[in-house]
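*Asks:* Listed below are the residues making up each chain.
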Amino acid sequence: MIIHRLVSCVAVVMLAIGAHVHAAEVQVAVASNFIGPMQRIAARFEAETGHKALLSSGATGKLYAQIRNGAPFELFLAADERTPHKLEEEGAAVKGSRFTYAIGKLVLWSPQAGFVDDRGEVLRDADFEHLAIASPRTAPYGAAAMEVLERLGLAEALATRLVTGENIAQTYQFVSTGNARLGFIALSQVMVDGKLGAGSVWHVPAELYTPIRQDAVVLGRGRDNPAARALADYLRGSVAADIIRSYGYER
Amino acid sequence: MLGADDLAAIRLTLELATTTTAILLVIGTPLAWWLARTRSALKRVIRAVVALPLVLPPTVLGFYLLLAMGPNGPVGQFTAALGLGTLPFTFAGLVIGSVFYSMPFVVQPLQQAFESIGPRPLEVAATLRAGPWDTFFSVVLPLARPGFITATILGFAHTVGEFGVVLMIGGNIPEKTRVVSVQVYDHVEALAYTQAHWLAGGLVLFSFLVLLALYSGRRSPSGWG
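Line by line, the protein sequences are chains H and S. The first sequence begins at 1 in this note's numbering and counts up by one. The second sequence begins at 1 in this note's numbering and counts up by one.
Fair warning: there could be bad hints in the mix.
[Claimed, not checked] Some chain H residues judged to face chain S by a derived CB distance under 7 angstroms, without partners named:
1. A59
2. G61
3. R137
4. T138
5. V163
6. T164
7. T177
8. G178
9. N179
[Claimed, not checked] Which stretches of chain S does chain H cover? Using the computed rule of at least three CB atoms under 8 angstroms from a CB of chain H, they are:
10. 68 to 75
11. 82 to 96
12. 165 to 176
13. 183 to 190
[What the hints assert, rightly or not] Estimated spans, in silico, between C-beta atoms of each pair:
14. S/A192 <-> H/G220: 20 to 30 angstroms
15. H/E89 <-> S/P74: 46 to 56 angstroms
16. S/A81 <-> H/A159: 24 to 34 angstroms
Note that these hints are calculated values from the structure, not bench results. Backbone N, C-alpha and C define an ideal beta-carbon position, used for all residues, glycine too.
Let the hints inform the model, and build the full structure from the sequences given.
*Replies:* Shown next as structure tokens:
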């Protein structure tokens, strides 16, 4: 009996060691706006493959600076196309490994029910002191918001009412705390369990702005890491696609 | 080189630091005097509150200021009731944030200067029939001069170096809330490293010169904290 137990114990330990040999770790840099869905995707990925994904989130520009200066990241999920492309050109990323993992949707949102109408007319009525956007210079959602205002011919009229968040998370914070009555944010920020959360929202029509493609790329350090490649493949798969859509992104 | 945006940010930063330092000297002097003289049990509590920004991350301070000064916060409802609107995204809001943020850098050197005077000169002044105001201006102020210089320099320099609070409550508005540190961050985020270098290098030089002036001018080798 004791011997039987001993044998099964040894078997369990050997199995654990075996799994450990095949499993690898991958260090992932994730743009702040995608950290929520990525945590879910990583959990499924870990359960299915036995690999481990360590996630670090930050603004795309900051992550770029860290990657160029020796940060130990192996896979990079950026909030734009430009930065992964630049890393590829500079030889810091694996050529040909770049792909679009999600397309961001821009919305005009207010936490106040009934304030934002479904055609964005609220922008013309201009019954607000501050309109929050992300920095057009550094954040793709900010650039998209400016594009929308320009297409609507409202950029000049509303210029003095704009307040700028350093990134899309801070922009959301300005609006959700009521300091700005409404703002252009990512649809993913107001999705709760696959549905729209509280407040009122205008889904900005796709023809008013250039699609916000979020690209991922395998970095130089991840070249020979099977887990990095596996996670990149997993992101392209259907499980990831479902999670990504439930957060309000397109594929 | 520095662009028009950068120059505007520098001008705004200097305005913010000057205003903040002036306000802090006005509020900080009586506060430091009270802290130096009182035997009240409240002293420890007030000292701890004044020193809080030394240990709190500026994002914490900024976050609570954003909530408090927002339309749903107590300060915001008060300012709105006065017809002043709300303070985030305004220069006045930045000044208030900076006053909290730089408070210990002004109050602590002043308090130390007042404490180091000791009771004796005040007693002498009293026996010469000097009134409290006269004593303060003719005896205390001249004796505490080094403390005032230290407080002014540190309060100013620390406000110039402020980032987290401004980021949280500023809204990055050119000529209103976009200070140098935020502008540097913006350049770095936009991968405009050359422009970032000009401003960032300038800040390093400025800070070094300030500290050099501080340590050259000080007679006593003891620290101020």
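*Asks:* A separate judgement is required for each hint: does it hold in the structure or not?
*Replies:* Status of the hints after comparison with the structure:
Here the hint on H/A59 is kept, as its CB sits about 6 angstroms from the closest CB of chain S, short of 7 angstroms. A least Cβ separation of about 4 angstroms between H/G61 and chain S falls short of the 7 angstroms threshold, and the interface hint therefore holds. Given hint, H/R137 at the interface with chain S, holds; its Cβ is 5 angstroms from that chain's nearest Cβ, closer than 7 angstroms. About 4 angstroms separates the beta-carbon of H/T138 from the nearest beta-carbon of chain S, less than 7 angstroms, and the hint is met.
Proximity of H/V163 to chain S holds as hinted, the smallest CB-CB distance being about 3 angstroms (cut-off 7 angstroms). Nearest Cβ of chain S to the Cβ of H/T164: about 4 angstroms, under the 7 angstroms cut. The hint holds. Of the supplied interface hints, the one on H/T177 holds, with its beta-carbon coming within about 5 angstroms of a beta-carbon of chain S, less than 7 angstroms. Because the smallest distance between the Cβ of H/G178 and any Cβ of chain S comes to about 5 angstroms, under 7 angstroms, the interface hint for this residue holds.
At its closest, the beta carbon of H/N179 sits 5 angstroms from a beta carbon of chain S; the interface hint therefore holds under the 7 angstroms criterion. With 4 residues carrying a beta carbon less than 8 angstroms from a beta carbon of chain H, the stretch 68 to 75 of chain S meets the three-residue requirement, and the given coverage holds. Counting residues of the stretch 82 to 96 of chain S whose CB lies closer than 8 angstroms to any CB of chain H gives 4, so the stated coverage by that chain holds, three being the minimum. Given a C-beta distance limit of less than 8 angstroms, the hint that chain H covers the stretch 165 to 176 of chain S holds, as 5 residues qualify and 3 suffice.
As drawn, the stretch 183 to 190 of chain S meets chain H at 5 residues by the rule of a beta-carbon pair under 8 angstroms; at three or more, the given contact holds. For the hinted restraint 20 to 30 angstroms between S/A192 and H/G220, the CB-CB distance of approximately 24 angstroms keeps it satisfied. Under the hint 46 to 56 angstroms, the C-beta atoms of H/E89 and S/P74, about 52 angstroms apart, fit the expected range. At about 29 angstroms, the beta-carbon gap between S/A81 and H/A159 stays in the expected band of 24 to 34 angstroms.
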